[in-house]
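Here's the letter readout for the chains.
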Amino acid sequence: MLEDEMLKLKFKAGRPDALAAIYDKYADHLLTCAVALLHDHSLAEDVLHDVFVNFAKSVTRFRIRGSLKAYLSTCVLNRSRDYLRKRRNKTNTLDDSQELTSADPAPDSDILFEEESARLSKAMAQLPDEQREAVVLKIKSGFKFRQIAKLQNISINAAQARYRYGIDKLRSLMNSEMEK
Amino acid sequence: MTQADNIENKVDQMNFKSSSALRDRILSDATQAMEQTIDAAAHKPSIGRMIMTSKISKLAVAAALLIAVLIGIGIPIDGASVALADVAKRIQQAKNCVFKKTLTLTPQDNKSTTMRSVIHYQDSTIREDVYDGQDITSQNFIDSSKGIFIWIDHQHKAFKKINLTDEDLEKLAPTTLDNIINRYLSKGKYRYLGKKQIDEIDCEGFRFDDKRAMLSIEKEQFKNIVNRLWVDVNTKLPIRFEIDCMSMDNAKLNMVQYDPQWNVELKADFFEPKIPADYINVDERGMLGINLEDWPTLKVTPDSAAQKAGIKNGDLILKVNGSSIETVRSGSEALNLMRGKAGEKAVLTVQRGEQILTIEVIREPWPQ
Numbered sequence: 001m002l003e004d005e006m007l008k009l010k011f012k013a014g015r016p017d018a019l020a021a022i023y024d025k026y027a028d029h030l031l032t033c034a035v036a037l038l039h040d041h042s043l044a045e046d047v048l049h050d051v052f053v054n055f056a057k058s059v060t061r062f063r064i065r066g067s068l069k070a071y072l073s074t075c076v077l078n079r080s081r082d083y084l085r086k087r088r089n090k091t092n093t094l095d096d097s098q099e100l101t102s103a104d105p106a107p108d109s110d111i112l113f114e115e116e117s118a119r120l121s122k123a124m125a126q127l128p129d130e131q132r133e134a135v136v137l138k139i140k141s142g143f144k145f146r147q148i149a150k151l152q153n154i155s156i157n158a159a160q161a162r163y164r165y166g167i168d169k170l171r172s173l174m175n176s177e178m179e180k
Numbered sequence: 001m002t003q004a005d006n007i008e009n010k011v012d013q014m015n016f017k018s019s020s021a022l023r024d025r026i027l028s029d030a031t032q033a034m035e036q037t038i039d040a041a042a043h044k045p046s047i048g049r050m051i052m053t054s055k056i057s058k059l060a061v062a063a064a065l066l067i068a069v070l071i072g073i074g075i076p077i078d079g080a081s082v083a084l085a086d087v088a089k090r091i092q093q094a095k096n097c098v099f100k101k102t103l104t105l106t107p108q109d110n111k112s113t114t115m116r117s118v119i120h121y122q123d124s125t126i127r128e129d130v131y132d133g134q135d136i137t138s139q140n141f142i143d144s145s146k147g148i149f150i151w152i153d154h155q156h157k158a159f160k161k162i163n164l165t166d167e168d169l170e171k172l173a174p175t176t177l178d179n180i181i182n183r184y185l186s187k188g189k190y191r192y193l194g195k196k197q198i199d200e201i202d203c204e205g206f207r208f209d210d211k212r213a214m215l216s217i218e219k220e221q222f223k224n225i226v227n228r229l230w231v232d233v234n235t236k237l238p239i240r241f242e243i244d245c246m247s248m249d250n251a252k253l254n255m256v257q258y259d260p261q262w263n264v265e266l267k268a269d270f271f272e273p274k275i276p277a278d279y280i281n282v283d284e285r286g287m288l289g290i291n292l293e294d295w296p297t298l299k300v301t302p303d304s305a306a307q308k309a310g311i312k313n314g315d316l317i318l319k320v321n322g323s324s325i326e327t328v329r330s331g332s333e334a335l336n337l338m339r340g341k342a343g344e345k346a347v348l349t350v351q352r353g354e355q356i357l358t359i360e361v362i363r364e365p366w367p368q
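Chains A and B, in that order, give the protein sequences. Residue 166 in our numbering sits at position 166 of the first sequence, with consecutive numbering throughout. Residue 354 in our numbering sits at position 354 of the second sequence, with consecutive numbering throughout.
So that you can see chain A by itself, here it is in the shape it has in the complex (with noise of 0.2 Å):
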C-alpha cells in the first residue's frame, strides 16, 4: 500500500517510470479483469490500452484517495460497459457463445491462454452482466459487497444475492461441461 502511495506521488509528478511501474503492477490483473467481464481477448487489450491513456491524461488532476487498484479496475468496469453496449448496438458482430480464441496474436505475442482461465472465461460469458461483474469485482478486485452495490445503483442485499446466483451458475456451467 505504501509502495501505490509512492507510485501515486510519482505518477503525479509526471514521472513516465511511475506510469510504468503502475502499468506492471496492475495490467495484468486488470486485462484479466477485462477479459471476464468481455469474453472478448482483442477487445480486454482495447479497454486496457483506453484506460491507461486516459489515466495518463489525467496526471494534473489527479486525485486518488482510495487504492490504485480498485481506482483502474473501476476504469475498467467502465469503459467494459461501454464496449459492451456498443457491442450489444452492432448486429450479433460476437456470438456469446463463441469460443475464446486469440484473434490473429502477433508473433511475438507471449499471452498465456491457460486452458482453465479460458473455460472460466467462456463460462463467465453465460452470466447476465451484473452477475458477472459482481464476481469479478468481488473475487479479482476485491470489493466489498457496499462498493459493488454502490457501482451497481442497488441494494448490498441485491449485490450478495447476484453475487451468489452468480457463482452457483458459474458451478453449475463449470461442472456441465467437466460432465461433457
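Please note that the accuracy of each hint is not assured.
[Claimed, not checked] Selected chain B positions facing chain A (Cβ under 7 Å, derived; list incomplete):
# : residue
1 : K10
2 : D12
3 : N15
4 : K17
5 : S18
6 : M34
Simulated from the structure, these hints should not be mistaken for lab results. Virtual Cβ for every residue (Gly too), placed ideally from N, Cα, C.
Dock chain B against chain A, hints included.
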C-alpha cells in the same frame, strides 16, 4: 473445501498476461498523452491571429483565421483516429507555415469575385500577399504582439495602418486553433466529417460553427458561418481550412486555405512591411472628385473639390501638374498621376472647346 470455495478459487486464479508488445504500445501512447497534458498545463495560450480587411479593396468583406500559435492538449475525439492533441503539438513544433488562400464573394447577382493570396504565419506575425496573376497587388501585415495591422495597396500606391485595440485583439483571440479546440472540439461542439482524400492525402475533417473564426476589424457582420478543418492523418498537420458564411446583405463568402508548406526558409525581415516613400497613407489622401473612366475626358462629381474649382463635365485633360498626359493611356494609369494628400493642390490643364484652361484644385479629405 466447498464447491463454492472451489469456484471462487478458480476465478481468483484466472489470469491473462499482457504481452510485451501490448505493454510497449500502451506505455508509449500513455506516456505521450501524459507529456502532452503536462505541456498543455505549462503553457498558457498565446495569441496569434490573421486578419484580412478589404473595405478599401473591392471585396468589401473581411475574413480572419489563425493557425499561428498553438498549444498541445489531450482531447479524445470519438470516432476520429487523428488526435487533435497531436495536431496542436505538431503545429506548435513548426517554425512557420505558408498556406494558399482563396476568398470568393458571391453577391446576390451571382457575379462572384475571387481574391487569391498566399498567407505566411510565424509566431505572432502574419503576412498575406494578394495576387493578380503573377503580380502582388496588395499585402496585409499583422503583428499581434505589437497590435499593428498594415495594408499596402501596390496598385494605387497607398497604405493604411491600424492600431489594433485590446478589444480587437480580444475579438481575434478565439480564432487561434487552441481556442478552436478548447471552445468547440473539446466540448463536442463539432461534427466529425469523416475521412476523405485531399490531393491524394488521407484526411479527417471537423466542422464547427462559430462566428469568431471569421472576424473582421471592420464592421461587417456575417451569419450562417460554417468552419471546416481538415487534418492529414499521417503528419497530424492541418491541410485545409474552409469557411462558408453569408454577409448581412446575403452575399455568399467562401474562404479556403490550402496546400500548406511547413518550416519554410524566410528572410529575417520577411514580416517587416516595406512601404515605398511615394505611397500615400489612405487616411491622409485627398480626393479631387473626378471620374476618370472616360479618360482623357473628365467627369465631375457633384459638390466635389473639382467642381468647386471650376472643372466641368467633358473637359479634355492635357496636363497634370505641368506634366503631359500623352503617355497615359487609361484612367487607372492616370489615377497615380492625379492622387495626392488632402489639402494639397493639383494643377490641371484642360481644353474646353477652343479654350485652354489651367485650374488649381485643392484635394478634399476622403469621406470616412
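- Does S18(B) meet its interface restraint, that is, does its C-beta lie within less than 7 Å of any C-beta in chain A? holds, 4 Å
- Task: Report holds or violated for the interface hint on M34(B), using the least CB-CB distance to chain A and a cut-off of 7 Å.
- Result: holds, 4 Å
- Item | Hint check, N15(B) versus chain A [nearest Cβ-Cβ separation less than 7 Å] | This hint holds: N15(B) lies near chain A, its Cβ roughly 5 Å from the closest one there, short of 7 Å.
- Message: Does K10(B) hold up as a contact with chain A if the rule is Cβ-Cβ below 7 Å?
- Response: holds, 6 Å
- Query: Does D12(B) pass the interface check with chain A, least Cβ-Cβ distance below 7 Å?
  - Reply: holds, 5 Å
- Query: Does K17(B) pass the interface hint, meaning its C-beta sits closer than 7 Å to a C-beta of chain A?
  - Reply: Holds: closest Cβ of chain A sits about 5 Å from K17(B), inside 7 Å.
Of the numbered hints given earlier, the model fails none.
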